[in-house]
Structures are given as structure tokens and as C-alpha cells.
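These protein sequences, in sequence, are chains A and B. Numbering of the first sequence is given in my numbering, commencing with residue 1 and proceeding in unit increments. Numbering of the second sequence is given in my numbering, commencing with residue 1001 and proceeding in unit increments.
Please note that the accuracy of each hint is not assured.
Unchecked claim - With beta-carbon atoms standing in for the labels, derived distance ranges: (1) A:Leu-207 to B:Asp-1160: 30 to 40 Å; (2) B:Pro-1032 to A:Pro-50: 57 to 67 Å; (3) B:Lys-1157 to A:Met-192: 36 to 46 Å; (4) A:Ser-132 to B:Tyr-1022: 41 to 51 Å; (5) A:Phe-205 to B:Arg-1006: 22 to 32 Å; (6) A:Ile-181 to B:Val-1255: 28 to 38 Å; (7) A:Ile-33 to B:His-1058: 50 to 60 Å; (8) A:Gln-250 to B:Arg-1006: 30 to 40 Å; (9) A:Ala-274 to B:Leu-1010: 41 to 51 Å; (10) A:Leu-139 to B:Val-1255: 24 to 34 Å; (11) B:Ile-1133 to A:Ser-132: 47 to 57 Å; (12) A:Thr-29 to B:Leu-1183: 33 to 43 Å; (13) A:Phe-86 to B:Leu-1183: 39 to 49 Å; (14) B:Lys-1157 to A:Ile-267: 49 to 59 Å.
To be verified - Among the chain B residues that face chain A by a calculated CB cut under 8 Å, a handful are: (15) Met-1033; (16) Ser-1122; (17) Leu-1242.
What the hints contain is simulated information worked out from the structure, not anything from laboratory work. Built from N, CA and C at the ideal position, the CB exists for glycine as well.
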Amino acid sequence: MNRTHHRSFKAILFHPTAKGMLLLIPALTALIILFVIPIYRIFHLSLFDPHFTLKYYLAFFQRPVYMRVMWITVKISLIVTAACLFVGYPFALVLSRAGEKLSKLFIVCIILSMCISLLVRNFSWIIILQRSGIVDTFLMKVGLTHHHVKLLHNLFSVVLGMTEILLPYMILPIFSVLKSIDPNLPQAAQTMGARPWQAFWWVTFPLSLPGVYAGFLLVFIMSLGYFITPALLGGAREMMISNMIAFQVQTVLNWHFAAGLSMILLIATLIFYAIFNKAVGLEKLENLGV
Amino acid sequence: MDVNERKIRLIEIIFGVLVSIYLIAPIFVLVPMSFGPARFFSFPPPEFSVEQYVKFFHSAPWWRAIRVSFEVAVMASFFASVLGILTSLAMRYKIPAKGFLNALFISPMIVPLIITAVALYSFFAKFHLVDTIPGLVMAHTILTLPFVIITVSATLKGLDPSLEKAAATLGASPPKVFFKVTLPLIKRGAITGAIFAYMISFDETVVAIFLSSSHAITLPKKMWDSIRFSIEPILPALSTILILFAILMLILLEVLSRKKG
């Protein structure tokens, strides 16, 4: 009796599924304790004070201040995504057409920029854009203006800084799709009489759209939750939802409201990731690593 | 090549170079600036000086921050690698709700950092883990875990399972199979993942803003304070050193991927 019991226990232990589950336990435990539970607590905080209430969500939709933060968040995210697309698409195209040496150089620049500390990159824009900084001095020397121009702590500086950081996430998916297009296809179109731009517009561009969707969604999602750049390069008018959450926690100490804001940001992010998953597939995220 | 085509090529190259310069603009600004005087920032620097570097090398608080960041990054990268390798191995077996579990393990990469930061800040406060090295290590382990899982899983996909089966058939015990066969085969993926984890942890700012203040202050947190409240004249020198490290890391990753190919 005891023996058969022992044997069946061993059989279960070495069953592939059981082995897989066993290997999963350490990371799953860590993830549940250090990630799932803390976020669940924030979710709970947003709904209970101490009884169930929706007031922290309603406040968000009722007070114009908070709706403005939401609007600014969406506006900055859309502008940054558009900027990344308008710079990133042509760049990916140039990259896919460039010779071996040149494309290698461009790729090194992209990867290197991703490796440099985020704070260093934000700091460099402060230096470039500050009063009497490089751009300001240059504009006055050239004679375009006679007084200092305010280039920092506004929408422009936030968009410039965020675009520099998020651009690779637009370039890489578009480039990987462009590279996979059979070069014979646009060539065939040209042989049959299409001009180069026609071949691009009717053949290459439609085929590259999956990369565009991936890059667009990725940059937009990352922008929505952006924190560092609006805090360092923006002014009070560029406060995004992440900055509002930090402000509620650190200055106002209104944890419930911060929790409500966090849940709204989380739900928005998850919805866009679901769209990303449907349109592109989450496994595509893996190809974005260096 | 006709004239028109050559013109287009030229425009393409100029555009490509301009975007590349934009992407690595910090290098062109901060490196020359770091060799200027340490009293004020002006570009180009009016005179050559290594004053900033001398000041930086003599600044005990900055070195303490570097040490904290280094310790946290090494430990977080170690734990994330161990947990990540186990998880990647687990994902090869038939397990229930695999899709959901996969998404769950990737989620620390997807959830906006500010939410993770606030959630951990509130949770760790209960256990007196705020502003401690263990707290930072735990937070960074979870944040970097997805990157290890992704790189190791990619390596495992290219692994021939018959090699491990052969070893097991020949009498090797499961731990022996793992250490003598599986681990050497996925070594490069694991090292790449560990380097990613190290780099991400060393540069992580958002969570550190909440979880580190005066006692266990990391380098990004100290830089954040310095940029926000009082721009210290050593920042360009420190930035240059960090850029140099980024270049070294890039070379290291390139060497690793070359060997693989």
C-alpha cells in the first residue's frame, strides 16, 4: 500500500506537467508577492475608503483639472507618436536601402542611444535648450531673435525629449518588416511601368503597415505612462497622468485618489496592449530587444 | 545611376545622418562640456579643464550612490537570472494556462512604471523595506525578470531537446542534465539576459524615486535630485562616464552575439 503510494507520488513528480509547474513555483511566488499583491492593494485602495465607493473615479471625471491632465496625456502621447512616425518611417526606409556599412553605422547609433542612461539624455536636452544654452545663443547670434527664447519647460521640449527616447521603438519594428519584404516586388512594379514613388506607395508601403501598427501602438502605450521626461523637461502645463499620480502620493498624500488614477492608467494601457496583441501579437515584443 | 537617383541617395544619407545625430545628441553635448570648468555650463566650454572629474572623484556621496546602484544591480540581475532561467525552462513543458502565465510574467514590463513604483512603495512601507537595499533588489528583480525570460526563452527555442534526452537516457540525473547539458547550451542567452537586467536595474529611475531616499540612495535617484533641485557642476563628467559605460556594454553585447553566430 505504502509502496504503491510512494511510486505514484514519484510518477506525479516526474510527469512533465508537474515538472513544469515545479520549476514555475519560485518565480511565480516572487511575482505574486512582489507584484500582483501590491497592485491588487492599489486596486482595493481605489475602491474602498473604508466602504465601497466610486468617488475617486467620479472625482476624476467631474473635476476639470483632472480631465485636463488626461487630455494633456493623450495629446502629448499622440504628438510624440506622430513625430516618431514621421521621423522613424523615412529613417527605417533609408536604413533598409542603405549600403551595409552605412546601415551598420545607423543601427549602432540607434542601439547606443537606447543604452545611454535616460537621465543623461534628459539632462542633455536641458543643457541644449536652457536659457543662454546652445540653441538660445545660436538663435541670437544668427540674429533670428534679439531676446532670449523660452525653449525649456514647455510642450516643445517634452515632445523633443520623448521623441528622442521613443524613436527606436518606432524604427525597429518598421525596419524589421521593411527588411523582410521581397525586393523583387517593388522591382517588378517598376518593370511593369510604375515610377519609383508609385512602386513605393502601392507595393512597399502597404506591405510595411504591420510594422507601422506595431511601432505606433508601442510608442503610444509607452508615452501614456511616461514620467521622467515630462517631469524634467515640462512645466506645470505638461503634467501627465504619471506625474499627477506621483504628485498625489508625494505632495497631497491622497493615496485613494492616486490609486484611482493608477487604475485608470493601467486599464487604458491594458486595453491598448490587448489591441496590440490582436493586431501584432505580444510575442513580437521579443524581437525588439537589442 | 542617373542624376536624379544620385540626388535621392544623397538626401537619404543626409537625413539618416541627421536622425542619427539627434539620437545620440547627448554625446556631442555632454562629452565636450565635461572638459569645461566646473562653475557654470556654457557650450562650447571656454577653456579645457578636468576640474569636474577631479571634483567627481573626490565626492564621497556620489561614490556611495554608485556603490548602492552597483550592489542592487548585481543582486537583482542574479535573482532575475535564476528565476528567469527556471521560468523559461518551465515554459517548455505542457502546463495549464500557459498563455495567461506568459502574459503575467511579461506584465512588469507592460504595467507603467509609476504604478509599480507607487504599489511597491505602499506595500514595502508596511515591512520597513522603503529606502533599503533589499527593497530595491526585490523591486528590480521583478522589473528585470521579463527581459531575462524573453532572452533565455529565445535561446531555448533553438535548443535541440534530443540532447537532454540523450543525457538522461545515458543515466544522468535531472540536476546533472541541467548543469552539464542545458545550462552550457543556454549560457549565452542567460548571460545576455543578465547583462540586460544589470543595465536596466543600474539605470532604473522611476521606482528608485519612491523606494530610495537618503539611506539607500541609488545613482539615478541622486542624479534625479541633482537635476531637479540643484544642477551640480559635476553632472557632465558623470554623464560622460556613464556614456562610456554604455559604449562598453554595447561592445560586450556585440561580442556575445558574434560568438553565437
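Hint check results:
1. Separation of Leu-207 of chain A from Asp-1160 of chain B is about 34 Å and conforms to the stated range, judged on CB atoms against 30 to 40 Å.
2. A C-beta distance of roughly 58 Å is found between Pro-1032 of chain B and Pro-50 of chain A, which places it inside the suggested range of 57 to 67 Å.
3. Against the hinted window of 36 to 46 Å, the Cβ-Cβ separation of Lys-1157 of chain B and Met-192 of chain A comes to about 40 Å, which satisfies the hint.
4. For Ser-132 of chain A and Tyr-1022 of chain B, the hinted distance range of 41 to 51 Å is not satisfied, since their beta carbons lie about 22 Å from each other.
5. Range check, Phe-205 of chain A to Arg-1006 of chain B: Cβ separation about 23 Å, and the 22 to 32 Å hint holds.
6. Between Ile-181 of chain A and Val-1255 of chain B the CB atoms are about 31 Å apart, so this pair conforms to the stated range of 28 to 38 Å.
7. For Ile-33 of chain A paired with His-1058 of chain B, a C-beta distance near 42 Å fails the hint of 50 to 60 Å.
8. In this structure, Gln-250 of chain A and Arg-1006 of chain B break the distance hint of 30 to 40 Å, their C-beta atoms being roughly 57 Å apart.
9. The given range of 41 to 51 Å is respected by Ala-274 of chain A and Leu-1010 of chain B, whose C-beta atoms sit roughly 44 Å from each other.
10. Between Leu-139 of chain A and Val-1255 of chain B the beta carbon distance is about 44 Å. The supplied range of 24 to 34 Å is therefore violated.
11. A hinted range of 47 to 57 Å for the beta carbons of Ile-1133 of chain B and Ser-132 of chain A is inconsistent with their spacing of about 41 Å.
12. For the pair Thr-29 of chain A and Leu-1183 of chain B, the supplied restraint of 33 to 43 Å is violated, since their beta-carbon distance comes to about 22 Å.
13. For the pair Phe-86 of chain A and Leu-1183 of chain B, the beta carbons lie near 46 Å from each other, so the given range of 39 to 49 Å is met.
14. For the pair Lys-1157 of chain B and Ile-267 of chain A, the beta carbons lie near 33 Å from each other, so the given range of 49 to 59 Å is not met.
15. Interface hint at Met-1033 of chain B: satisfied, since its Cβ lies 7 Å from the closest Cβ of chain A, which is below the 8 Å cut-off.
16. Hint status for Ser-1122 of chain B relative to chain A: holds, with the closest Cβ pair at about 6 Å, below 8 Å.
17. For Leu-1242 of chain B, the interface hint holds, since its Cβ comes within 8 Å of a Cβ in chain A; the closest pair sits about 5 Å apart.
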